[in-house]
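Chemist: Counting from 1, one number per residue, gives the positions in the sequence shown under my numbering.
These aren't lab readings, by the way, just hints derived from the structure by calculation. Don't take each hint at face value.
To be verified - BS3-like, lysine-lysine: derived pairs with alpha carbons at most 27 Å apart:
hint	residue 1	residue 2
1	K80	K56
2	K205	K215
3	K215	K191
4	K18	K56
5	K23	K52
6	K56	K71
7	K56	K23
8	K191	K202
9	K202	K215
10	K71	K52
11	K23	K46
12	K18	K46
13	K80	K18
14	K52	K80
15	K80	K114
Claimed, not checked - Each pair of labels, with its calculated beta carbon distance range:
hint	residue 1	residue 2	range
16	E239	Q83	49 to 57 Å
17	N224	E96	20 to 28 Å
18	E227	I42	52 to 60 Å
19	R34	E227	44 to 52 Å
20	K71	I129	15 to 23 Å
21	K205	D150	30 to 38 Å
22	M195	N224	22 to 30 Å
23	E197	D150	36 to 44 Å
24	S44	I129	26 to 34 Å
25	M132	K205	36 to 44 Å
26	N103	M132	17 to 25 Å
27	E74	M195	51 to 59 Å
Since we're looking at a predicted model, the values are computed, not measured. All residues carry an ideal CB built from backbone N, CA and C; glycine is no exception.
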Amino acid sequence: MNSKKWPTVTDLDHPLIKFSNNKQDWWTVRDAVRGIQIFGGIGSGKSSGSGKTIIKTFLRNGFGGLVLCAKPDERENWEKYAQEVGREDDLIIFSEGSEYEFNPLHYEMRREGKGAGEVFNLTRLFMEIYSMGNRFAGTGNTGESERYWDNALRRCINRMIQLLGLAGEEISIRNMRRLLSSSPLEHEVEKLSSMSESDIEKWGKENYCMGSIIKAGERLESENQEEEYTLISDYFLREFATLPEKTSTNNS
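All chains, please: the whole structure from these sequences, using the hints.
Modeler: Right under this line is the structure:
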């Protein structure tokens with residue numbers, strides 16, 4: 001990390017930008033934390049003028065924050081600004097291939113506070129992302145038929161999150177895809193009744209979905225969990241195994 005000590009600004013009236021010698025024309029920390037809006041037409045210099053000035057002022061005064069980059073060159077701009085004021089060692093860059101990663105599902109399940117760990121909150125998060133993707137692609141679902149498939153997707157996401165949670169597996173996109181890709185087919189489920197306990201155990205070691213179902217069954221600690229487990233196992237071993245191809249394709 002950069003060894004330089006950056007100021008910790010605690011005075012809300014500390015000036016960040018002085019437009020004149022008159023204190024009434026000073027832009028302060030108090031003004032900054034109340035929010036900033038920069039208006040102007042395309043190419044009017046919002047980013048290269050006002051935006052750049054404010055960014056570098058924040059960096060010089062020890063500010064930190066989260067920067068979400070939409071433009072292709074925005075990250076390079078921020079790296080340049082940080083370098084110009086000696087803050088390049090303070091950058092933590094999340095990108096494809098970087099050493100950092102963040103699992104929002106794991107965070108939502110483990111965080112403290114109201115609504116933490118709620119399966120339906122995680123499902124709503126997924127559905128919002130799914131809806132945004134449809135809007136960007138111009139394929140928003142509006143008809144009764146499409147709403148049916150959305151409800152099927154929502155139900156599937158609920159059951160996947162519940163199963164991973166009960167099985168003690170990490171709740172991640174990767175593991176959810178593993179569940180779907182290994183979910184037993186109808187003809188495989190039909191063989192369960194004639195399989196020995198050792199055969200089922202062997203299948204669980206080879207199949208991620210079956211292994212998770214078995215592991216979840218071994219970890220039950222309460223009556224509520226037993227009821228939840230019944231819903232989950234019935235879903236994957238009966239309902240999902242017989243779903244039409246469109247549903248299972250949509251869910252994956």
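Chemist: Could you run down the list of hints and mark each one as holding or not?
Modeler: These are the hints, each one checked on the structure:
| no. | hint | verdict |
| --- | --- | --- |
| 1 | K80 to K56 | holds, 10 Å |
| 2 | K205 to K215 | holds, 10 Å |
| 3 | K215 to K191 | holds, 20 Å |
| 4 | K18 to K56 | holds, 14 Å |
| 5 | K23 to K52 | holds, 23 Å |
| 6 | K56 to K71 | holds, 19 Å |
| 7 | K56 to K23 | holds, 21 Å |
| 8 | K191 to K202 | holds, 14 Å |
| 9 | K202 to K215 | holds, 13 Å |
| 10 | K71 to K52 | holds, 15 Å |
| 11 | K23 to K46 | holds, 25 Å |
| 12 | K18 to K46 | holds, 19 Å |
| 13 | K80 to K18 | holds, 24 Å |
| 14 | K52 to K80 | holds, 11 Å |
| 15 | K80 to K114 | violated, 39 Å |
| 16 | E239 to Q83: 49 to 57 Å | holds, 56 Å |
| 17 | N224 to E96: 20 to 28 Å | violated, 40 Å |
| 18 | E227 to I42: 52 to 60 Å | holds, 57 Å |
| 19 | R34 to E227: 44 to 52 Å | holds, 49 Å |
| 20 | K71 to I129: 15 to 23 Å | holds, 21 Å |
| 21 | K205 to D150: 30 to 38 Å | holds, 35 Å |
| 22 | M195 to N224: 22 to 30 Å | holds, 29 Å |
| 23 | E197 to D150: 36 to 44 Å | holds, 39 Å |
| 24 | S44 to I129: 26 to 34 Å | holds, 33 Å |
| 25 | M132 to K205: 36 to 44 Å | holds, 38 Å |
| 26 | N103 to M132: 17 to 25 Å | holds, 19 Å |
| 27 | E74 to M195: 51 to 59 Å | holds, 56 Å |
Hint violations for this structure: numbers 15, 17, all remaining hints satisfied.
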